[in-house]
Every structure is written in structure tokens, then in C-alpha cells.
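*Asks:* Following the hints, complete the assembly by docking chains B, C and D onto the known chain A.
Number of protein chains: 4
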Amino acid sequence: MSLITFELNRPMDFIGLGRLCIDLNANEIHRPMEETRTFTKYVGGSPANITIAIARLGLKAGFIGRVSDDQHGRFITHYLEKEGIDTTSVTTDRSGSVTGLAFTEIKSPTDCSILMYRDNVADLKLEPGDVREEYIRQAKAIMISGTALAKSPSREAVFKAVDLARKHNVVVFFDIDYRPWTWTSRDETGIYCSLVAEKSDVILGGREEFDLLEAPFGPLRQDDRLTAERWFAHHAKIVLVKHGGDGSVAFTKDGQSFTGTTFPANVVKTFGAGDSFAGAFIYGLMNGWDIARSQQFGAASASIVVSSHSCSDAMPTAEQIQAVIDKHGSK
Amino acid sequence: MSLITFELNRPMDFIGLGRLCIDLNANEIHRPMEETRTFTKYVGGSPANITIAIARLGLKAGFIGRVSDDQHGRFITHYLEKEGIDTTSVTTDRSGSVTGLAFTEIKSPTDCSILMYRDNVADLKLEPGDVREEYIRQAKAIMISGTALAKSPSREAVFKAVDLARKHNVVVFFDIDYRPWTWTSRDETGIYCSLVAEKSDVILGGREEFDLLEAPFGPLRQDDRLTAERWFAHHAKIVLVKHGGDGSVAFTKDGQSFTGTTFPANVVKTFGAGDSFAGAFIYGLMNGWDIARSQQFGAASASIVVSSHSCSDAMPTAEQIQAVIDKHGSK
Amino acid sequence: MSLITFELNRPMDFIGLGRLCIDLNANEIHRPMEETRTFTKYVGGSPANITIAIARLGLKAGFIGRVSDDQHGRFITHYLEKEGIDTTSVTTDRSGSVTGLAFTEIKSPTDCSILMYRDNVADLKLEPGDVREEYIRQAKAIMISGTALAKSPSREAVFKAVDLARKHNVVVFFDIDYRPWTWTSRDETGIYCSLVAEKSDVILGGREEFDLLEAPFGPLRQDDRLTAERWFAHHAKIVLVKHGGDGSVAFTKDGQSFTGTTFPANVVKTFGAGDSFAGAFIYGLMNGWDIARSQQFGAASASIVVSSHSCSDAMPTAEQIQAVIDKHGSK
Amino acid sequence: MSLITFELNRPMDFIGLGRLCIDLNANEIHRPMEETRTFTKYVGGSPANITIAIARLGLKAGFIGRVSDDQHGRFITHYLEKEGIDTTSVTTDRSGSVTGLAFTEIKSPTDCSILMYRDNVADLKLEPGDVREEYIRQAKAIMISGTALAKSPSREAVFKAVDLARKHNVVVFFDIDYRPWTWTSRDETGIYCSLVAEKSDVILGGREEFDLLEAPFGPLRQDDRLTAERWFAHHAKIVLVKHGGDGSVAFTKDGQSFTGTTFPANVVKTFGAGDSFAGAFIYGLMNGWDIARSQQFGAASASIVVSSHSCSDAMPTAEQIQAVIDKHGSK
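Order-wise, the sequence lines are chains A, B, C and D.
Number 331 marks the last residue of the first sequence (the UniProt record's numbering); no jumps.
Number 331 marks the last residue of the second sequence (the UniProt record's numbering); no jumps.
Number 331 marks the last residue of the third sequence (the UniProt record's numbering); no jumps.
Number 331 marks the last residue of the fourth sequence (the UniProt record's numbering); no jumps.
Fair warning: there could be bad hints in the mix.
[Unchecked claim] Calculated Cβ distances over 12 Å to all of chain D for the following chain C residues:
| hint | residue |
| --- | --- |
| 1 | Glu-7 |
| 2 | Ser-152 |
| 3 | Glu-229 |
| 4 | Gly-245 |
| 5 | Thr-252 |
[Said to hold, decoys possible] Anything over 10 Å on all C-beta distances counts as not near chain B; from chain A, calculated:
| hint | residue |
| --- | --- |
| 6 | Arg-37 |
| 7 | Gln-71 |
| 8 | Arg-74 |
| 9 | Thr-91 |
| 10 | Ser-95 |
| 11 | Thr-110 |
| 12 | Lys-167 |
| 13 | Trp-181 |
| 14 | Ile-191 |
| 15 | Pro-216 |
| 16 | Val-249 |
| 17 | Ala-265 |
| 18 | Val-268 |
| 19 | Ile-291 |
| 20 | Ile-325 |
[As the list claims (entries may be wrong)] Computed spacing ranges between beta-carbons, pair by pair:
| hint | chain 1 | residue 1 | chain 2 | residue 2 | range |
| --- | --- | --- | --- | --- | --- |
| 21 | B | Arg-207 | A | Leu-226 | 40 to 48 Å |
| 22 | C | Arg-94 | D | Arg-37 | 27 to 35 Å |
| 23 | B | Pro-219 | A | Ser-257 | 39 to 47 Å |
| 24 | C | Arg-94 | B | Glu-208 | 20 to 28 Å |
| 25 | B | Asp-326 | A | His-168 | 50 to 58 Å |
| 26 | D | Pro-11 | C | Asn-169 | 15 to 23 Å |
| 27 | B | Thr-110 | C | Arg-186 | 46 to 54 Å |
| 28 | B | Thr-110 | D | Pro-219 | 36 to 44 Å |
| 29 | D | Lys-167 | C | Gln-256 | 22 to 30 Å |
| 30 | D | Gly-84 | C | Asp-254 | 25 to 33 Å |
| 31 | A | Gln-320 | D | Arg-37 | 20 to 28 Å |
Hint data in this document are derived by calculation from the structure and do not stem from the laboratory.
Virtual Cβ for every residue (Gly too), placed ideally from N, Cα, C.
One chain only, chain A, in its complex shape (with noise of 0.2 Å):
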């Protein structure tokens, strides 16, 4: 029997909600940004790659969103329509907000850094009305990104989409996804990054990312475990602890755990991995698959993009993730 169960007769698998974004990637590689020319534009944020990864592995996605009013704007929209993405619920905003933008540098593969624009951005101008009941209750599984709790409004159209998803059924996952941009302090993200933890039936972070969850509220304990039970005492059924490069650990309510590990990869910059890992571990959740082929095909996806200039655009199909288990055969 299956930890979490989906409900199969929903026209919809998979719902993102919060950051719509443009990478701009500098195509001068291994030297600084600052010496560099020329850039290269393409969609980013954590949950639009994660849709972007889920879509391109063939499942029926959709977001919840807003973008600027702008040819930013339209080229994030237009691009996720061409993924097949459904955008009824993606919404322009009118306030005068602009795209969020991340430069990235990429001195070496192990050296990248980001420079970011989030002053203003749309995609935390997402309000309440935003979020329709009709188009969450049509939907299996919703994914909240971390970020967009980082201001208001954005933070409670999350907390209206988390009890709409509740209230029918929808899977419910949380990726923390912490950036230090935009927040006031690191209690307020470990205050509301809990609330809708205690709500979430899967939740994805990295270590660092569940300590700062657990700070406001006591002394820290940095044990994986201890973590994942005091999701199971809410609603959490999957507990999964990132490790970068050491792979993953999964918990799961009924006392298992499973260690996931990483595949070879001729590194180019290491943005994007967890995105490309949520993305494919998603996807075998709901294809059934149990826990630890599903890290796998996470694993291998991360592979796949880590080896490539861009995220988004470099999200690979299952038969591509497929070929990187058979050749490296299964971890």
C-alpha cells in the first residue's frame, strides 16, 4: 500500500505555485561576471523548473502565479505554454512589479554564485484571489515553493492554496527552498516555512533548510530523524533530507528510510540539481513507484542537468533520465 495516494480521476497531476523567474547566464563560463559580455535569458525559479522538469516527463501540469506586465512577462508565459503547461492561472500583474532575475557566474564548477534582482518582483504580488478552489480541487498534487512565503501577499495566497488542498484532497508538497533574499529574518522564514511544513504531506529540504525550520522553536537537534518525526506528528508522510553532492536520505511515516546516492556527471555549475531531482522524484511518486527508485530517478535527472549551461531549458525527458540509469546502472 502506498504512503501517499493521489486522486487518480483528477484531469490535473501537478500544480506549481510561486516563482516565475529569468535566468540570465552568462555565456562567458569560468571567469567573472564582471568580465563578462553576453548572457543568455531563460526561465527560472525553483517551482517553474520543477513544473518545467514534471512536464517535460510527460505528467499534466499547471501554475499558480503571476509575471510582470512586460516582454519578461510574456516570454515566461508564452515558454510555459510551449512546455504544455497550463496557464489559466497565471496572472499578469498590473502594479508595476518586474520579473525577478538572477545573473549567474559560473567561475568554476564548484564556484557559482548568483546575483539577484527581487526588488518588486511579480511573482510575490500573488493574492489570495488568485488562488481558485476550482482549479486546485481539479488537481492531484500541489507543490509550494519555500520562497513564495517570503512577503506578503504571496505568503497568504500559499497558506489559502495549502488548506484549499487539504480540504480536497490533494497531495500536498513543500519544497523549502530557501534564499535569504527578500525575508526580514531568519525566525520569520522558520515560522512559515513550519506552518505550511505541518501541513505538507512530502517535504524537501536540505539540512540547513530543516534547522532553520526548527530554530524559533527550541534547541537544535541536526538529526535527520528527529526531523522527520516531528513532521510525521502533523501531516507529513515523506520526510526527504538533501545532501548535495552525498545524495538524499528519505523518511516516511511508517518508521522506513532510504538513502539515495548521486550519479557521475561532468559537471558544469550545480544550479539546478534539486530542481531536476524534485522534478523526476515527483514524477515516480506519482507513477507509483516506490521510494527508492523514485530518489533515482531523481539522482539521475540532477546528472543530467548539472552537465548542462542552463535549467530549465536542459530539463530532460524519462527516456534521456532512463539512459543515465542503464548506463551507470542502478544506485
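*Replies:* Quick look at chains B, C and D alone, frame taken from chain A:
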């Protein structure tokens, strides 16, 4: 067996959290405030009033809040201390904030209004760091005023306090206490108050306040019993719906309901009726009284306060309340 | 020949521009405000006080300002009207602003302090659109309070008013009236007040206020005569440096200077001394009196106001001022 | 005798003040930006462009401005240094600001638009303290961009710079450079730009820009000569009204006027026309050329820049400009 169990071996009975303000009541009543010339100063703010009510009734009370670093802030702290309320968790805000003010205008017993000063107020500067686990866990009960959710960082401080209270088995009272000032939208109010209501043991509010909590998540049903059941599905044991001059109805998780009435009064103004009711009602519950007796005690207390010029200063002793009940007979 | 020429054929003598506030004076004097319980309400704010002073002296005065859309705003407008001041350019602000408040604490004649409420105040919402050319050009003189420069859009409204005044030969009085609240930095104060001082005919301020204007542009010289010459290089004809209890020195563009003294008073508090001086001094100039006589009239007026509990309410008539001069002899 | 006298014994010819930004020009031209994928990065912002133009022409230039504390800020500073521009008054802003961005879209030579990022930009964080008297007094001329007046504290820094320039006989050029972003209202723009125009020796702007300056103070007359006379009543000696493709008209305080024309160009985009004109025109005046020759030099420079893909990078040398004039004949 009681619906609610208080940890009896704790030194502090009750903690109030939220607004500490000043009421400036026009001395010349029954005329428009533009024609009045003198004002008398009182401590005000719903959670302050309730905590003062409870201290007057003989319980050991404390407060978690912030006051301004000026004469008004010192006046409030001195007043609480004089009432025997513990102020070790009342912090002086050093950010240049001011004390919230409420100028009250009493044109007639039924035509009262308030002119509020709520910009840059000290009470909403309460931070998660002001909420100390060791303070909360030594108390039997805590009361959250919904107004403390109106703005960050006070909003985050509330969520931290509620989680620590649940962690340590401190009974959580939640008074919705909706005031339109400061809130950005009704959706925002409904969403955050719902998050606290879900974690509360006892919820007090008017019909319109409960509607506000339900509005973001579906069509309004405006039925007291359905409202109560909504919250019983979470942690609530008692839901009390106030109907102003028509009394109140208390629902309990075991399916019972109790209709409370009001006592005759020579009404000067209606301000303070809810706070005095809440203080005496909570006092009753903490004494182990049944719901009906607690409601009656609350109603008798309210009849005293609406007959006087102030709120906080007029909070009665248990003897004074009992005298009203004895005079008019149990209701 | 007079230094300053007023256009005599104009219907309005004087326009005040800027702050319209409320003073809440503790009735119990000679004790800290945290121990006082009752307050009396008066119209306050330096330009309001000066305009009231001038109206009491019998000149035809008007005001350009904004008041809050509440009982306090109405109280102010009614008070001005009762004093015979034209309020057709007093606009009611509909943005949800409040009236600025000054709670005054009088511990002793020499130890007075003010607790200010200056967040979101109506007076600083004055907009350029509120300043009408046809209103200004029918007046002989206008007085700008430096506090009206503390924030936009009031700051822009001042610049517009000053330019229209110069265009129509309306004499510009500038009272530096420095209050640290609201200003972001001392540089900001100095820079904007200097821009107005350059366009003013008569400038009034204390030594420290004039220093503030000079500070951004070079080392301080702190010499009254050099200060006066700085402004004579622009449009100023009279520069009056106030020295508190030591009187004042007025410099004129033709190279003269006049030292004014003070009158004995039974001082209750020092608030209002400067405003009453300014009102009576301007009245003298507008009557065509020489500088010395105007200074003396101002000083006598100040001696009356510091002996009373209020500022605006205590502004004397010409007869009352003359009686002081007659009693103590010319100074 | 020249209209304008430069203090010849000063080591620095010219200081630019204001915006230091980045242009991201779509490489794929003649299509909507939502369809372009790559961008090339250039230093941008009108005062940056003009200063670069002047440095290319061989004058000794410096800049007063703020850049962001990141790769974009360093790119700008390095670029200026490479061009031989003194950056000792270019400050790195540590407040978490970003570099302003202009994404340029070139659909056709006559259909160009800009997508601006102007929230929390470093250039508007310029403070009065960044403007040093010793830096200004060693220069012959300074140029103020009106955009630097759009927000505090940059606005105050401009007023300080202009006053120090006047104090030390540094010629003040004022380029109105109106951009609607950032300004709160058209009144605000007109009022602050007027305050600087009054103190400027040479004013450059389009007809609509001059209208903007006149609008708050009376009915528009929209007459170039009346406009010029307005400013001649203050400190202006030259007022140049730009008419886009129809050339420009320069008025001088001695009553003359000079009509300038344009040179033929293979127009790629119109961006940068005004900046290249201004740079070469100012260069002419500083060389002691007459107005007409300076206008011609400006127009020839503009014809070169509009024919290329960038603004700053395309600024020509004096030889390149002369070659255009020689080819087409004097206009």
C-alpha cells in the same frame, strides 16, 4: 470531567499577549469629540483590559508585549505593575515607535466611536525573540488577541507563542478581536486568524468575526454550530460566539451548547463589554466552573463596565460581580 | 524708506503655511507625564500659532494646509474659523492620515518636554495642487514653516508656494522651525531649508538653526552677522537670530543691526515663546513699524504666552501686549 | 567675449553626476524582446554616456556616483577607469542596492523601447556626504542629470553639488533627462528640476521637458524663446531646446539663437542620440567654439551613435566626428 485541563502546578495562571495602548476618553460625554476639550488617560487595548480584569479577580497574570520608550510606555508598565501583573516579558521598544491611542467619543450610549492612532505603534513591534519558552511553560493559559496578528513582526511572535504553548500544554485562548486598522485586507485577516484558531483550545468572537475567518476558504454559511464544528476539527474544545446585546452562545466539542444572556445596566458606553466578559468568563473556566456559570459571570462583569466611564479602570472584583448576580438573580 | 514693501491693495494680509496640529497639555503640571491623568486639547503647530497670533492682533489671515478627516481635523478647522482665519485653502486629507499630536509635559518652568505623534500626519500630505496661484497673489505676505519641508509632498507644495509668492511680489517670511522628527538627516534639513531661505525676504531662526542651514556647504562660522550676509546675497532683507532668554538680534540688508531684549514673566513653560514673538514681530513690520519697535512688541507678546498654560489660546491682543510694554517700559 | 567662462587653471575638465547603469541590448534586433534570447551588456545611463563621450573626445573627466556592491557595480567602475575617467568619487553602496538595468528592444529604427529595472538602485543612494567640496572645486564644469533628482538622498546630493559648483565658479550644465520611472508625480519633477535649472549655466532639454518644468507655476506657453528667457532671469547663459530629428535651437542670454540640424545616418536605434549630442556639444563649448559649431559637432556625433548597436561603447573620437562633418559638409 472538564473539557479543558489546566496544568495546576504552574506558578502563573494567565498570560496576555498583544496590544498595550492608551485610551483617551473625552470627559465631556454626549457631544461630538470636535467639541470636547479635556480627556482622561487610561490603559487600554483588548488584551490589556482582559489581563487587568483577570488580575482584579485574583489570578496571577503576566503579559508579553512591547511598550514605547516614553512617558506613555512607562505609564502603562507602571499601571500593570500596580495591578500585580508580571511585566518581566513587557519589553521597551527602542525603534522610535509610539503607544497606540484610542480617543473615545461618547455621543450617546449607542453612538460611540473611536479615533485610533495605530501608525508605528510599539505593540506591533513585538518580536519572536521577545517570546521566551521558559516564560510560557510556567503558565496555565495564554490569551492571544487577533489584533497582534495584524502586522509583522508581532504576527510571527504570536505564531511562536502559540506553538510553544501547545508544546508545553498551556491552554490557548484566542480572542479574534478584529479591528480593521492596520490590516491590509480581509483575506489577510481571515487567513492568519484561522491559522491561530486551528491551534487554539478556546475561541471567542462575534458572528462577523467568525465569518471573516471562513471567508477565504469557501462560501459563508453563517451558522454558529457549523462554525464551532469547523474549529472542533482542529484543537478547539470551546467556541463562544458573541451576539452583543443578545448574549452569547458557547459550543463545546462534546456537542453541547449554552446560551448566555445579559444583565441590565445603566449603559454609558458599549466599549469594554467584550473584554470584561472575556476576563470573567476565563476566570470561571480556570476556577473549574461549568460553561453556563462562567458565561453568567462574564455577563455580570460586562454590565458593570458598560455602566462606567473607563474600561480597564472599571474592571470589577469577584465580589462586585457576584453582587450583580445576587441582585438580579441568575440568568 | 522701508526695507520691505507690502502690496497694500491686497485683501489678505497674511497666509500661514504648514503644520496644523493638536497640543494635549497635561493639566497636572510640575510632575512627570507618566503620572498625569488628564489633558486639555488646543490647536497647535508653529505656523498655526503664528497665524492665530496675527489674527488676534487684527490682521486678515488665511492658511494653506491639510487636516485629517476626523474629529481632530474638524476641531482645528472650526477653531481657525472662530478666530476669523480664512480656511478656504485648508484641505481635508482623505488618505487616512491623522492629526499630529504634541503631548506636553511641564515638570518645571525650565524642564518641559514634548511627546510627539508625527507618523502619517495630515499636514505633511499637503500637495502642490493645494497651493493655488489665485490664493497667494491676493495676499501681502506668506509665512513658511521649515517643518513643512520635512517630507514630500508637503516639501514640493512649499517650493511651489514660495515661487508663486515671489512671482506676485508677496513678501516671504521663513521661520526655520527645526524639529528633528520626520527629517531623515541634518543634511536634508540644511539643504531644503537653504533653498527656501534663498528665496525669502525675512528669515527667523535660532543660532543652531542657522548653523544647520550652513553645515552642508562648508565649515561653520557661527557668527550672526556672517549668517545674515549669507542670505542678504540672495533675497533676504531682514535676518533675525533668536537667542532664547537672551533676546534676539535683527540684521538688515542695509547693514544695521538691532538687539532686542525680553520682558519679565512668571514663566509656566517656554513653549510658544517663539511663535508669539514671531506673530507680533511680523504684525509690527506689516504695520510699518521699525525693526526695534517690532522686536519689542514680539518680546512683550512672548512674555504673556510663557506665563500661561497654552500656546494658541493664550495669544494676546494688541492692547494686552501694549499693556505689558507700558507696565515695564520700553526695552 | 565668450558667454561662459571656464576656470582654465583647473586639473579636471568635467564631472558627470548621477546614473551609472547597465544596458542589456538584445542581440537579435527587429523583433519583440519576448522572442530574443541573448543580450550584450554595456555601461549605460545618460550622465555615464555623456561623461564617456567627453572622455573619448580627450577631456579629463571624473564622476560622482554610487554603484552596487556586486559584479555589475565592479563592471561599471572598471569600464570608467578603462576610459580614463576618474572614479575617486564613485562610491560603492553597501545598503544592498542593485545596479539599474535597461533591457533595450529594437523592433525597428523607429520602434524601440526599454524595460527598466529602477527599484532600489545604487545610483539614487548617492548621499550629500559623497559630494566633496575639494573634488568639485578642482573642476571646470559639472553636469547634472535630472534623473538624479528623482529620489532622496540623491536629490539632496545634487543640490549640494550645484551649490558647491556655484560657490567655486564651476560651470553647471543641466540635462533635464526626464524619465517617468521613480518620480512620484509630474509636479515633483517640475519643481525640483526648476530649482536646479535656476542655478545652471547651460540647460539642455526637449520641448516637453521644458514644459514639465514650467507646469507647476502657471499656464504653459510652449514657446522656446519664452522658455529660454525664463531661465535667463536666473543664472542661465545658454538654453538649448532639442527637437529630436528636427535638430535643436540654442538660445543665448545676449538674445541670439542658433538652429542646429542633423546629419544623415543609417539609423539602428534612436537611443543615445541625445547623450552623444550633449557630450560633443559640451566638448565644443569647453574648447571655446561658438554655439553653432558646437551644435554641429554634437549632431555629427549623434549620427554615429544612432547607427550602432550600443550607446556608451559607440561614443566616437573627435576625428570620427570630424570625418562625418567633412563627408557631409557643414550643416
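*Asks:* State for each hint whether it applies.
*Replies:* Hint check:
With a minimum CB-CB distance of about 18 Å to chain D, C:Glu-7 clears the 12 Å threshold, and the non-interface call stands. Distance check on C:Ser-152: its Cβ comes as close as 7 Å (rounded) to a Cβ of chain D, failing to clear the 12 Å threshold; non-interface status is violated. Chain D leaves C:Glu-229 outside its interface by the beta-carbon criterion, the shortest separation being 14 Å against a cut-off of 12 Å. With a minimum CB-CB distance of about 33 Å to chain D, C:Gly-245 clears the 12 Å threshold, and the non-interface call stands.
For C:Thr-252, the condition that its CB be more than 12 Å from all CB atoms of chain D holds, with the nearest at approximately 24 Å. The beta carbon of A:Arg-37 is kept farther than 10 Å from every beta carbon of chain B, the shortest such distance being approximately 41 Å. The Cβ of A:Gln-71 lies farther than 10 Å from every Cβ of chain B, with a closest approach of about 30 Å, so its non-interface assignment holds. With 10 Å as the threshold on Cβ separation, the claim that A:Arg-74 sits away from chain B holds: the shortest Cβ distance comes to roughly 28 Å.
Its beta-carbon lying about 15 Å from the closest one in chain B, A:Thr-91 satisfies the requirement of being farther than 10 Å from that chain. For A:Ser-95, the requirement that its beta carbon stay farther than 10 Å from each beta carbon of chain B is met, with the minimum near 14 Å. Non-interface status of A:Thr-110 relative to chain B is upheld: no Cβ of that chain comes within 10 Å, the nearest being about 35 Å off. Distance to chain B contradicts A:Lys-167 as a non-interface residue, since its nearest Cβ pair spans about 7 Å, not more than 10 Å.
Taking the minimum C-beta to C-beta distance to chain B, about 17 Å, the non-interface status of A:Trp-181 holds against the 10 Å cut. Distance check for A:Ile-191 against chain B: the nearest CB is about 5 Å away, which does not clear 10 Å, and the non-interface claim fails. For A:Pro-216, the requirement that its beta carbon stay farther than 10 Å from each beta carbon of chain B is not met, with the minimum near 5 Å. Listed as outside the interface, A:Val-249 is consistent with that label: its C-beta sits roughly 26 Å from the nearest C-beta of chain B, beyond the 10 Å cut-off.
No Cβ of chain B approaches the Cβ of A:Ala-265 within 10 Å, the least distance being about 40 Å, so the stated non-interface status holds. Once the 10 Å rule is applied to beta carbons, A:Val-268 is consistent with being away from chain B; the minimum gap is 39 Å. The Cβ of A:Ile-291 sits about 29 Å from the closest Cβ of chain B, beyond the 10 Å cut-off, so the non-interface label holds. Its beta-carbon lying about 42 Å from the closest one in chain B, A:Ile-325 satisfies the requirement of being farther than 10 Å from that chain.
Take B:Arg-207 and A:Leu-226: their Cβ atoms lie about 43 Å apart, and the range 40 to 48 Å holds. Under the hint 27 to 35 Å, the C-beta atoms of C:Arg-94 and D:Arg-37, about 48 Å apart, miss the expected range. At roughly 43 Å, the beta-carbon separation of B:Pro-219 and A:Ser-257 lies within the given 39 to 47 Å, and the hint holds. The given range of 20 to 28 Å is respected by C:Arg-94 and B:Glu-208, whose C-beta atoms sit roughly 26 Å from each other.
Against the hinted window of 50 to 58 Å, the Cβ-Cβ separation of B:Asp-326 and A:His-168 comes to about 54 Å, which satisfies the hint. Roughly 45 Å separates the CB atoms of D:Pro-11 and C:Asn-169, a value that falls outside the hinted 15 to 23 Å. A C-beta distance of roughly 52 Å is found between B:Thr-110 and C:Arg-186, which places it inside the suggested range of 46 to 54 Å. As the Cβ distance of B:Thr-110 to D:Pro-219 is approximately 54 Å, the hint placing it in 36 to 44 Å is violated.
Separated by about 27 Å at the C-beta atoms, D:Lys-167 and C:Gln-256 satisfy the suggested range of 22 to 30 Å. Roughly 52 Å separates the CB atoms of D:Gly-84 and C:Asp-254, a value that falls outside the hinted 25 to 33 Å. At roughly 22 Å, the beta-carbon separation of A:Gln-320 and D:Arg-37 lies within the given 20 to 28 Å, and the hint holds.
Hints 2, 12, 14, 15, 22, 26, 28, 30 from the list above are not met by this structure, while the remaining hints are.
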